[in-house]
Amino acid sequence: MTPSDSTILRFEDVSLHFGATPALDHVSFEMQPGQTFVIQGAAGSGKTILLKVAVGLVRPDSGRVWLFGQEITHLREQDLFDLRTRVGILFQEGGLFDSLTVAENVAYPLINRRILHHAVKGSSNGNGDPAIEERVRETLRFVELEETLDKFPNELSGGMRRRVGIARAVVTEPALVLYDSPTAGLDPITAYTIISLILKERDQRNTATIMVTHRFQDGHLMANFRYNPNSGQIERAAGGSNSGQMSTKFLVMNAGRLVFEGTESEMQATQDPYVRKFLRLGGA
Amino acid sequence: MLDILKPAVEAFQDFVLLSVRAVRNIFRSPHYGDDILIQMDVIGVGSLFIVSLIGLFTGIVMALQMARALTIYGAQDQVGQIVSITLVRELGPVLTAVLVAGRNASGIASELGSMKVTEQIDAMRALGTDPIQKLVTPRLIATAVVLPLLTIISDFIGLAGGYFIASTMLGLTFSEYWTSAWQVLEYNDLAQGLIKPFVFAVVIALVGCFYGMRTSGGTQGVGRSTTSAVVSSSVWIFVLTAFITYVWNRAFAKQ
Ligand SMILES: Nc1ncnc2c1ncn2[C@@H]1O[C@H](COP(=O)(O)OP(=O)(O)O)[C@@H](O)[C@H]1O
Ligand SMILES: [Mg+2]
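Going down the list, the sequences are from chains C and G. Okay, so the first sequence: first residue is 1 according to the numbering used here, each after it adds one. Okay, so the second sequence: first residue is 1 according to the numbering used here, each after it adds one.
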């Protein structure tokens, strides 16, 4: 029972242990194009690991994973490189290369994709390629950070670094973007800006999006708000009966297990005390 | 009992795996030449002064110690031979390697460790770069080239330190000292004196990278990795020098 080729991501009974403690415990789910997944759960419940398994950065002990319809469970790293060019990732700890400038960080995926595809030898850094430069500028303009091109990541504020991370994640226009705790440690206003950017990326390009977050209102925005290209703002989705909710799914993790999967209203209706905690504590 | 050993065995397996990959990558593209040069600069040029200084004082101290003993037997003219043999075979390689371990095994471990905990290494893999190719192999090549060179420099400066004592305190002439220092060395001494730093370099680079790449637990984890890398590579240097010396003596034993 292989998933249809259009399936973005599929986990089948995936487990992973570090020592005796399970980081993922028989996790199964399936994600279709155009869907948004919001993943919640306590610290250490396995959210980050789930994202890393999804792109083959960590291998599961058992179970199977498909990415873009291709099984990656036993794929060699070299073969994964190609698939991963279609995924953008914002890492929880940033993952920005601190020896490179902002512009070089954002150009990195473009240059590496070119090296992979043309099997160019050597460490060609592609500096000065006008097409790449223009795309980097455009992407930094997208996250409203064009003026930081030549700065180094550690010269930026936390919120700015997150935005550079988003720029690097989306610069190749990937079909799937993973955001690991994009608002963690940010003030509410900056957090709102970040979510707006994520919505803008999702709604302009119809990107499949997985977002890990502690804050319920991040998920609420993802499910019910849309980017309006005319106003350049996000606004409550028109579509009446929650057209947004149809494509936004909430997943809740507890100690490596997927304990809830459903829409926002289903989540609000659930009696499960652990899941309810994320509704109640969700308020900033 | 087996459970206690398990993590150690697993760690050793991981270390061997990392080493095999790092060495295999030497023969594979892409090659990150710039990174090799940068690392040579960090490790080589950065350590040159301290290595020279320690070399100089090692030569001086050895000549001072020997001068007293040799004078008793009226054999002062042999001071060059003794300084030369001990420096080239043993002290030059070991002291230089221990210094470089302190400076660079720690430097490598902390640099790679902070990249690990800030997910830069995951980001590299996610963006299609092999971190072993990009980070480990250049450091391995750079250290393996630079440490033997540093050792040669340290040996020479040590011999010069010995000459300073020999000429000022024992009254030896330039040619008395240097001729005996040079002539006593056999090819297998020189080979031993170069193979040791090469082996130590491999250990320093790989141990530093190994602890760096397996760092977990945030900033504190980086500190732990750094310490482990220095301690572990220093211990290995002493173990390996004993081993190599033993093997060497058996291979080249005079009848
Ligand atoms: N490299 C690792 N080594 C050992 N344990 C790990 C590692 N990475 C994650 N874990 C453990 O796996 C569990 C899930 O971690 P993670 O996915 O990072 O949680 P979170 O939901 O906070 O993102 C935690 O118990 C964590 O301690
Ligand atoms: Mg996490």
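Among these hints, one or two may not hold up.
[As the list claims (entries may be wrong)] 16 Å max Cα-Cα, derived EDC-like pairs, lysine to aspartate or glutamate: (1) C:K277 - C:E266; (2) C:K151 - C:E104; (3) G:K134 - G:E111; (4) G:K134 - C:E266; (5) C:K151 - C:D98; (6) G:K134 - C:E77.
[As the list claims (entries may be wrong)] A short list of chain C residues far from chain G (calculated; beta carbon distances all over 10 Å): (7) D25; (8) F68; (9) T85; (10) P109; (11) N112.
FYI, nobody ran anything at the bench for these hints, they're computed from the structure. Predicted model only: the values in this text are computed from it and were never measured. Don't be surprised by glycine CBs; every beta carbon is placed ideally from N, CA and C.
Do the hints match the structure? See the list:
1. C:K277 - C:E266: holds, 14 Å
2. C:K151 - C:E104: holds, 10 Å
3. G:K134 - G:E111: holds, 13 Å
4. G:K134 - C:E266: With Cα atoms ~47 Å apart, K134 of chain G and E266 of chain C exceed 16 Å; violated.
5. C:K151 - C:D98: holds, 10 Å
6. G:K134 - C:E77: holds, 15 Å
7. D25: holds, 21 Å
8. F68: holds, 15 Å
9. T85: Contrary to the label, T85 of chain C does not stay out of reach of chain G, its closest Cβ about 6 Å off (not over 10 Å).
10. P109: P109 of chain C not clear of chain G: closest Cβ-Cβ about 5 Å, inside 10 Å.
11. N112: violated, 4 Å
Checked against the numbered hints given earlier, the structure breaks hints 4, 9, 10 and 11 and satisfies all the rest.
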